[in-house]
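Chains A and B supply the protein sequences, listed in that same order. 10 is the number of the first residue of the first sequence in my numbering; add one for each residue after it. 1153 is the number of the first residue of the second sequence in my numbering; add one for each residue after it.
Quick caveat, the hints were computed from the structure, so don't treat them as lab data. Even glycine gets a Cβ: it sits at the ideal position worked out from N, Cα and C.
Label pairs and their calculated CB-CB ranges:
(1) B/Thr1208 x A/Thr148: 35 to 45 Å
(2) A/Ser95 x B/Asp1331: 26 to 36 Å
(3) A/Ser236 x B/Ala1234: 50 to 60 Å
(4) A/Ile147 x B/Ala1272: 22 to 32 Å
(5) A/Glu106 x B/Gln1333: 21 to 31 Å
(6) B/Ala1272 x A/Glu98: 37 to 47 Å
Residues from chain A that keep clear of chain B, each with C-beta distances beyond 12 Å, as calculated:
(7) Gly86
(8) Ala88
(9) Asp96
(10) Thr97
(11) Arg143
(12) Ile147
(13) Ser170
(14) Ile177
(15) Ala193
(16) Lys217
(17) Phe219
(18) Glu233
(19) Asp237
Here are some of the chain B residues that sit facing chain A, going by a computed Cβ distance under 8 Å:
(20) Ala1215
(21) Thr1306
(22) Glu1352
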Amino acid sequence: MQPQCSLPIAVSALLACFAPLPAFAQNPPESGTARFAVVLDAAHGGSDSGAKLGNQAEKDLTLALSIRLRSLLGARGIAVVTTRESDTELDAEHRVEIADRAGAAACVELHAAPATANNPSSVHLFTSSLAPARDVRITPWQTAQSAWIARSNALAAVINSALTQAGITVTLGRAALPVLDSTACPAVAVELAPQSDSAQSAPGSSDKGFEAQVVEALAAALVEWRSDATQPEERRP
Amino acid sequence: MIPRHQTVLFVILLLASVTMGAVLWNQLRRAHEHLLRHQDSAPTQAPQIAPAEPATLMVANDADDSFRPRSLTLPLPQTSEARARALLGKLLDLYAAPDATHPVPGGAASIAQVFLMPIAADNGKNRASSPQMAVVNLTGTFAAGHPAGIETETLTILSICATLTANLPQITQVRFLVDGQPRATLAGHADLMHIYLAAEAAPGKGVLP
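Just chain A, same shape as in the assembly (with noise of 0.2 Å):
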């Protein structure tokens, strides 16, 4: 009885050990795509509320924008790091040390603020103000993303190509932001502007149909700027 019961036993260890090499013979990773991450860093969290939108706070709202946006690129293959998954406090220091571990090809920093009366919806992509560097060895912590200003500017490009073809206005502006100003890698911050409309909605709720669009909007600008970016020369400033 001995002999009996050990030969399915061998066979199940013997098939369990080469069980995984036709998983990576049939799914080899691709070469570029598998260096692509997009860092998504939900602003504030915690104690820190953000800007009042109406009775949702803005720590509330760019949590569930990160969380849609995850969702979105993960479904297109693109790897993502999100700063915060919940309701927690993060400082600057901590976010930009996230963002640089991760090697990001791209960093978008989400915010949201409530729409300036008469203004529609809208979308504000703002890029750092800091003067462009080059040929830097060793940059500042507070002014890493000076050496990244140019992709920068090309993946603001990018991602208002994507909004502006969806509809959706959109303002470009540059701003001294701490998070942004120590990125090392293409970043945007992307402040959403939602108008609330009291006749469809409660008084001081979001736009939903507006925060998805943006959304997919976003995706295919990032999955755009994959195609771009997936060159490993081009990822260095």
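Starting from the known structure of chain A, arrange chain B on it as the hints suggest.
Here is chain B on its own, set in the frame of chain A:
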């Protein structure tokens, strides 16, 4: 029957108590008068009437995310620091008005002080035209009441910088403090640890590139 010596003692103690009460009351009144004399709330120096001068305020506009020059005639102090504070006070008064194009509460009282510091040592020569850094000390109330958002905070910061450089060309850098202390951001977004350069606040190079 009360003994005579006890009656005399009672009267003496009663008189002493009344006298002490009167003395204390008098001293209290004199101390109060003395205190009031030293709390004279009248201005110690009559305000000087400064002549009205042309000035340019770079006023932010939320409608198109820009700031545009607005020429005004204002009575401005002679010293650069007081002049800078008066200009910024007028700018924030415009933002606090009901019909403001960039509504921000607070008004002129939001500017606690403006300090001007030389950037490069020039051995004391030509101090008026040498490059200077303006350190704008905002009140905590202003920062706490400022609307949160990258766009609105950046517009406020850059319009302050642009107004300073438009009227005081020697100012090439601007730093911000809140209640005399460095602060990370204005209202959660715009970096207040950043040294803003005059070139960043130039029209067409600020919020809208």
